[in-house]
Amino acid sequence: MTTFNLNINGQDRQIEVDPSTPMLWVLRDHFQLVGTKYGCGIAQCGACTIHLGDAAVRSCQLPVSAVGDQAVTTIEGLSENGDHPVQKAWLEVDVPQCGYCQAGQIMSASALLKQNPSPSDEEIDSAMNGNICRCGTYTRIKKAIKTASNSEKV
Amino acid sequence: MTKAKTKIGRRAFIKTSALAGGGLLLSFNWLTSCKMTPEEANRLPKEWFRLNGFLKIGDNGLVTIMSPNPEGGQNVKTSMPMIVADELGVDWQDVIVEQAPLDTNAFTFQYIGGSQAIRRGWEGLRMAGATARQMLREAAAKTWQVPVEEISAEEGVLKHKFSDRSAGYGKMASGAANMPVPEEVELKGIEDFKIIGTSRKNVDGLNIVTGKPLFGIDTQREGMLIAMIAHPLAFGLKLKSVDATEARNMPGIKDVFTIKVFNDDYEKTFFDTRTFNEVAVVVGNSTWEVMNAKKALKIECEPISSSTETRSRFGRQYSEHIPAGLESTADHRTRMEAMANKPGEIRRKDGDPEAAFKRAATVIERSYTAPFLAHNCMEPMNFFADVTDEKAELIGPLQKPELTEQALSARLGMPLGNIHIKMTRLGGGYGRRSYAHWLIEAALISQKVRAPVKLVYTREDDMTDGIYRPTYHAKFRAGLDGDNKLIAFHVKAGGIPESPLAADRFPAGAVDHYLAEEWTLDSNLTVGSFRAPRSNFMASAEQSFLDEVAEAAGKDPIDFRLELLDRARLAPVGQNNDYEADRYAGVLKLVRDKSEWGKQQEQVHRGVSAYFCHNTYAAQVLDLVMENDRPIVKKVTCALDCGIVVNPDAATNLAEGGIVDGIGNAFYGELSFKDGVPEKNNFDTYRMIRMGESPKEIDIHFVKSELDPTGLGEPTFPPIFAAVANALYKATGKRSYDQPFLSDKQVVG
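Chains as they are written, first to last, in numbering that gives the first Met the number 0: chain E, 0 to 153; chain P, 0 to 748.
Chain P on its own, in the form it takes in the complex:
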C-alpha cells in the first residue's frame, strides 16, 4: 500500500480567493418549475439562502449543492457535491444536487476532459463547503454571543460546546448569508471525512431508470422545429451545389439552406475543429419528416484546395496544414511505414543509444499500428438553440461550455452576456463533445429560421462527420546485453495527423541509452480527443512490446517491469521523467497480489499491462480463455492509484467502463476510409462490444492513499489494449501488432 501526505495538511488554512467573485451572499426565494413528487415538494423550504456559488441552504436545513461540471457518465454530479457536503458538515440525505449553469464568475474549470474534473475541482469544492460551514458558525456565534471557536458544526447541526444551545443549519442560514466571507477557512483532516470515501448512489439514478428527459436530445419547446445537416460525402470534398427542389416540397419541411459554421477570418481555437465548414440544413416539423427530406437532397461536391489554418491553443498560435485529396486507409498504412523507416524529430536522447544497440547481445524490433476510431456516443450529436436579435439560449450536451461560448459569441457577433448555455446530461462524451461545432450550427439555424430549433445528427452523420481518434504507428527497438539487461530502448512514433509520443514517460528514466523520435503526416480527416488521447495507443504499443522484451530476456513480465521501475526510482536516468516510480510499481504489485499472478489455472491465458497517464496509475491482469477458437475474457483484475477515492462504487463503475471500452476497441474498433469516405456509418458495420463479449468478471482495487484525488475517466482505458494483446499471445502463440486484433479472418463464432 502506498501512503503519502496530502498537499493540504490537517487543519490547514486556505484563503478563499478561488471562490470570491460574483454571486456571493445573495438570498432569494427559490422554487423550481421542475416536477417533483409530493414527498419532495413537502421537503422544500420556504426560503433558500445562498452562501456561495456552490450552495444554498433552506430555512428547514435542506441544502442544494450545485454541481459545476457537465455530467457525462463519470458520476461527477454525485461525486463533486459529495466533496462540498463533507466540508459543509451535512447529512447526505439532506442534500439536493442541481446542475449549475455555465457561470465563469462563480466557477472555474467548468469542463470535463482529461480526467481533470475531480482533480482540479477538489480544492475549490472543499473550500466552498468549508466557507459556508464557517459562515454558519459565525452566525451562531453572533446569535448566541459566544466565541466562534466554541461552536461545532456537524451533520447539519450547530452546537455550543459549553451550553445546551444548538440549532439546525436552516435556522442560521439567513444569518450566515449576511456574514462576511471569511479570509481563511479550516479544512477537515482526511480522518474526519464522513462522506468522501463512502459509496453514494448516482443522484440521477431514479431519473435515468424511469426515462426522464435528462439529455439534450430530449429538449422540447413550444414551436420548436427539428433540423438536420447534410455534409459532403467524403473528406477532401466541399459543397458545390444543393438541389432541394424535391425536399422543399415534402410534408412538414419548412426550409432548406446552407450554413458556414466558422467565418473565413475567424481564428479557430484548438476545439473549433470543423472540416466540413459548409453544410446543408433541412428544417421541418418532425424528425421523421426531416430525415426523409434529407434523403431527397441532391448534393454536388467539389474537391477542396489545400490550405493552412492558423489556430490557437490556450493562447499559443500554431498552424495546421490541410492537404487536398481523397485519402484511403491503404495509402495511410504505406505512408506511415515509410515514415517509420526514416529518421524522425528527436524528442529525447539519453546516453549513446546507437553504440549501445551495436554492442547489445539481442536486439528486438517491432512495429505497432492502430486505426482511426469514431467516438460513437450513444446520444448522437445534437443541440437546442433559440436565437433572437437580443439573445441566444442554448441547451444541450457539451464538455467545454466555456470555450464553446466564446466561439459562439464570435460567430454571432453577440456579447457573452447575451448568451446562455444550459448543460444537460451527456449521453456519452469521450472527448467528442469537446468540439461543439454543432452548437454553433444549431444557433445559426435558429437565427435563420427565427424559431427555436433542435439540431439532431443522424447516427450516420455522427459517424461519418466525426472528429476521430487519429491513426498511429510506433516502432520500437530494445537492446539486451549478455545478462539480459535492458541497455538500450528506442521508440519512433507518429500518426496521421498527430504524433502519439510522450517522450518522458516510462521506460524513459529506467534505461541508460534511450532515444525517442516522432513524426506526423498531414491529413484532411478531422481528429481530436478520444478517451486518453495518444496514451490510448502508446500504452498498447509500449506495453505489448515490453511483454515481448521480457520474454526475450527470460523474465516474468511483472518482475521485468518492476526491475526497470526500481532502476528509475533508485538511479533515474535523464531529466523530466514523467512518473513516480514507486506509485507505478505500487499498482503492479497490488495487481500481482490481487490476481494471484503466479498461480496457474488450466486453460486460462493471462496478460499484464500497466500505464500512467492523466495523473492516475493503472495496472491490469486479463484472463482469457479460448472457446471454439474464440477469445473470451474471463476476468480482469485492475489496480489503481488515483489518490483519495471520493466515491468508491462510482469510481469502480467508471474504471470498469474504461476496461470494457478498451477491450471492445482492441478487438473490433476501426474506422477505415476509401477515397475520403468513411467505410462504416452505423452499428451494423461498426462493431461495438456487446454483453456477450464483455468480461465475465471485473475486479477493481484502489491503492489506499491520502494524496489529493485524480481522475478515472481515462486511465483504465489505455493499458487494457496491451493486456488483451499479451493474453492473446499466451492463448494463440501469435503476437498482435495491428489493431483491431480480431480482424474478420480471425473472428470465429
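In isolation and in its complexed conformation, chain E is listed as follows:
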C-alpha cells in the first residue's frame, strides 16, 4: 500500500492503495466515480477512457502510480452541468442506446476536438476506433462529433 496524491476533476484527493491498481478501479471503487466504465480491462474497448492532462487514455491500463501530478478528468468532471459542447451535441443527436459506452466515447471525442477542432471523417474514425459501441450508434456518434465541431469553442 502506498499513498498517492491525485488531482481528479480539479480536486486534490488522497488514496492509499496498491501502486499497481489501475485508475479505473481507483475511480470506481475508491472515489465512487462510476461514470468511467469497465468493459474489457485490456484497453481494447475504450469504455474506461479518461483524460490525463488533455490526452484521452484508457484508465484500465493506467496504474495509479503512473499518474503523478497530471490532472485527471473523468466524465463527471468534463463540465459542471452536462453542458460541454460534446455532451450537448450528444443530447441534440440523441446518440445513446444502452448508454454504457457513451462516457468513454464522449471522453475520446472531447479529447479529439480539443486537439483538432475540425476533424475530417477519417480523423474521426481513427480517433474513435478504440471505442466499441455494442449497440451500434456509430453513425450518430460521428454526427454528434461534427455537430460539436461546428458549435462553440470545444
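Treat the hints as calculated values from the structure; they're not laboratory data.
Note that the Cβ used here is the ideal one computed from N, Cα and C, for glycine as well.
Errors might be hidden in some of the hints.
What the hints assert, rightly or not - So the derived list for chain P, only partly shown, Cβ under 7 Å to chain E, looks like this:
| # | residue |
| --- | --- |
| 1 | 72 |
| 2 | 189 |
| 3 | 240 |
Said to hold, decoys possible - Below, a list of computed lysine to aspartate or glutamate pairs in the EDC-like style, where the Cα atoms sit at most 20 Å apart:
| # | chain 1 | residue 1 | chain 2 | residue 2 |
| --- | --- | --- | --- | --- |
| 4 | E | 87 | P | 698 |
| 5 | E | 142 | P | 301 |
| 6 | P | 200 | E | 91 |
| 7 | P | 253 | E | 15 |
What the hints assert, rightly or not - Take a look, some chain P residues computed to stay more than 10 Å from chain E by CB distance:
| # | residue |
| --- | --- |
| 8 | 74 |
| 9 | 107 |
| 10 | 166 |
| 11 | 211 |
| 12 | 415 |
| 13 | 425 |
| 14 | 446 |
| 15 | 449 |
| 16 | 502 |
| 17 | 629 |
| 18 | 648 |
| 19 | 673 |
| 20 | 728 |
Using the hints, position chain P against chain E.
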C-alpha cells in the same frame, strides 16, 4: 404505403381489467432520495396522488409515469411512458419518468425480449393513461356538479364546455384518486395522438452523458464486498478441487468458496440455463484485489458425465440431453455436414417436391453455416445482492425479472414476497440477460458472507462462460422450370444444439412444391436467445440463397421476391403461412423506391434482403464499395413496417443499431472452440465492429401505418447479413456461404 385499421377502433370502449389489481387508488407523500437539481426540486409537488400502478399526479400538475419494463437501449423507458402520457392528455414537459419496480400485481409482461415490450405493452399503457384521464374528468364533474360528458381533458387541463370553469390536473388529482376505477374507458383515435408518433428525446440522456450511476455495475452500498467467479476452463469439465491457499492470504480478500447455482432436484425453466453449475467464488474489499486473487486460484477440473435434464418452458416439460466430452468447432462442422446429407424431421411438405425437382430444368443446391456467437454486452454480467435470513434485496440489469424472481425464490427457499428486485438500466442485453444465473450466484454469495455483495464477471468470464448463439447449418435446393419459374423449394436446417428452422415462413406459401426438414445435434455448450434467435441465421441463409436463385432465373432479385409474394397473396400454397404477403411486398417496394434500386452508381455494389420476424417486416439495400480490396459499407437503406411508430427518432436509432450489429457479426462475429475451450476471451481477439467499419450512412424509412405497433429490437438484424453477402458477391464475384464473411485470409487492410 400500407394502410390498415387498428384493432382498437376509434372511440372504442375497453374494459380496464388488465389494470385492475393491487396498488390502485392510493395517495401518499412522495419524495425520493435521489439527487435533483434545484430547478427539478422546485418543480416537485407537495403531494402525489396515485391513480393507478402506472402513474401518479402531483398537486401542481406534474405527472410521474412508471416505465414498467427494463431499459436495455431500446428506449422503452421513453417510448412506453409516451403512450401513457398521450392517453392521459398531458404535456410531455410535465412528465417525470421512473423505472417501475418488479411488481406482478400492478404490471404484466415486465420483461424485454422478442421485440415484445411495445407490442404487448401497447393496450395496457393506453388504458393506464385513459383510465386516469377518465377519473380526472369524473372528479371535475363531481366538483362542478356537471355531467362528465361536458368535461374535456387535454394538455393537463380540465375544462367545462358550457362555462368558463377549468382546472389543472393537479387540482383534481386528489379527487380523482378517490373515484372508482371506471369499467370502461374511451381511447383516443389515432388522429388525435399528440405525443405518439412524435420524436421525444431519451429521458435518461442527460444522466448518460454526465456519467450518472445508472447501471447495475455502478451499485454502491455501505459495507459492500466485491465478488468474482472462477469457472471450469472448458465446457465438458466441472470443478474437482479449488486450492485457494495463496488467494486467501492476498490483501483485501475475505473469503474463497464454491457455490452450486441450482440444486440437483430443481426443475429448471427455459431461462435457468447454467452449464457450470458449480463455480468458485472470491470475495474481497475491492475489484482489483479480487481480480488478482482470482488469478492465484489453482483449479482442478474433471470431465462431466453425460446427463439428461428435464426442464419446463412456460409450463411445458421437455428434456435436454447434455453429452460428455470436449467439443471443437472443426468436429462440429463435420458433424453438421453429415446431418445435412441425411434425411431430417419433416416439418412441412406441400405438393410433391421430389417429383418437381426431377422435372425441373435447373436445380440449385447450396449450403450455409454460421458459428457460435458471444453476446458481448458492454456491461459485463453483474448483480448486487443483500440477502439476510428474512429478505433478499437484488439490484441490477436483467431482462426477465419475473421469471428470475421465481428461480431465486426456489433456490433460497424464500417466499416471493420477501424478495425485492430492483431493475437498473442494462448495459446491453441482446438476450444474454434473460438468463439470470448471476443473480442467483450473487444472492448465494451474499447469503454465505452475510454482507451486501456486488458480483462482477470479468470480460473474460463474460465471454467464456456465455450462453451463446448456437452454430447453424442450412442446405437449400431450388427447382426452376423451363420458364425460370420457381416450382420446388427444399430447406433442411439444423444446429448445435437447436434447429433454426421456421417451416411456415416465406417462401413457404409461394411455391407449389415445398419441403422443410430439420435436425439437431446435442452439445454441452450453453446456448440461448441472441437478438432474433434462429431468424438471425435463417434470414441470412435464405435471403442469400434467393439472390442466387433469382440470378439463375435471370431476374432482378427484388422482382423475383415480389413475384413470389404476389403468388402467396393471390393463391397461397398450404396452410399457416407465417407472414402477410402484402406487408412483406410493401417494405420491398418502399426500399426499392427509397434506395433508387434501378439506378447504377459507379463502383457501388448493391445487395438486397428482406425478412419478417418478431412481428415486423424489414427490407434492406446495402451499398458496398471496395477500397484496396477492403469492403466499405457506403450506405444502408432500410424500410420497416412495424405498425404505428411510437417514437420515430428513437425507433430509427434502434433500427440503425440492429443494422450495424448485423454488419459487424456478418463480417467478423465468431466464437470457435477447441477441446471445449472458447478460443477467444476478450476484444483483442473477438472482433467487434468499430466506427471505421460502420456504414457511412443509414437511411431508415417506416411504412405509414395505423396498425398497433410491433417491436424493433430485432427485426433489422437478421436480413442485413444477406444484404452484406449479396453485395459482397456483386463486388467480388464470389458468394459468401460461411459466416463470418471476412475470415483472416480475406481481410485486407
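Quick rundown of the hints versus the structure:
1. 72: holds (3 Å)
2. 189: Nearest chain E Cβ about 25 Å off; hint violated.
3. 240: Given a least distance of 27 Å, the restraint on residue 240/P is violated.
4. 87/E to 698/P: violated (24 Å)
5. 142/E to 301/P: Between residue 142/E and residue 301/P the Cα gap is close to 52 Å, so the pair fails against 20 Å, i.e. violated.
6. 200/P to 91/E: holds (8 Å)
7. 253/P to 15/E: Holds, at about 19 Å.
8. 74: violated (7 Å)
9. 107: Residue 107/P is indeed farther than 10 Å from all Cβ atoms of chain E, at 24 Å.
10. 166: Per Cβ check, residue 166/P is outside 10 Å of chain E; nearest 34 Å; holds.
11. 211: violated (7 Å)
12. 415: Given that every Cβ of chain E is farther than 10 Å from that of residue 415/P, nearest at about 29 Å, it holds.
13. 425: violated (6 Å)
14. 446: Residue 446/P clear of chain E: closest Cβ-Cβ about 23 Å, beyond 10 Å.
15. 449: Answer for residue 449/P: holds, closest chain E Cβ roughly 21 Å.
16. 502: Non-interface label stands for residue 502/P: nearest chain E Cβ at 31 Å, farther than 10 Å.
17. 629: Since the minimum Cβ distance to chain E is about 13 Å, residue 629/P lies beyond 10 Å and the statement holds.
18. 648: Violated: least Cβ distance 6 Å, not greater than 10 Å.
19. 673: holds (21 Å)
20. 728: holds (24 Å)
When held up to the earlier numbered hints, the structure conflicts with 2, 3, 4, 5, 8, 11, 13, 18 and fits the remainder.
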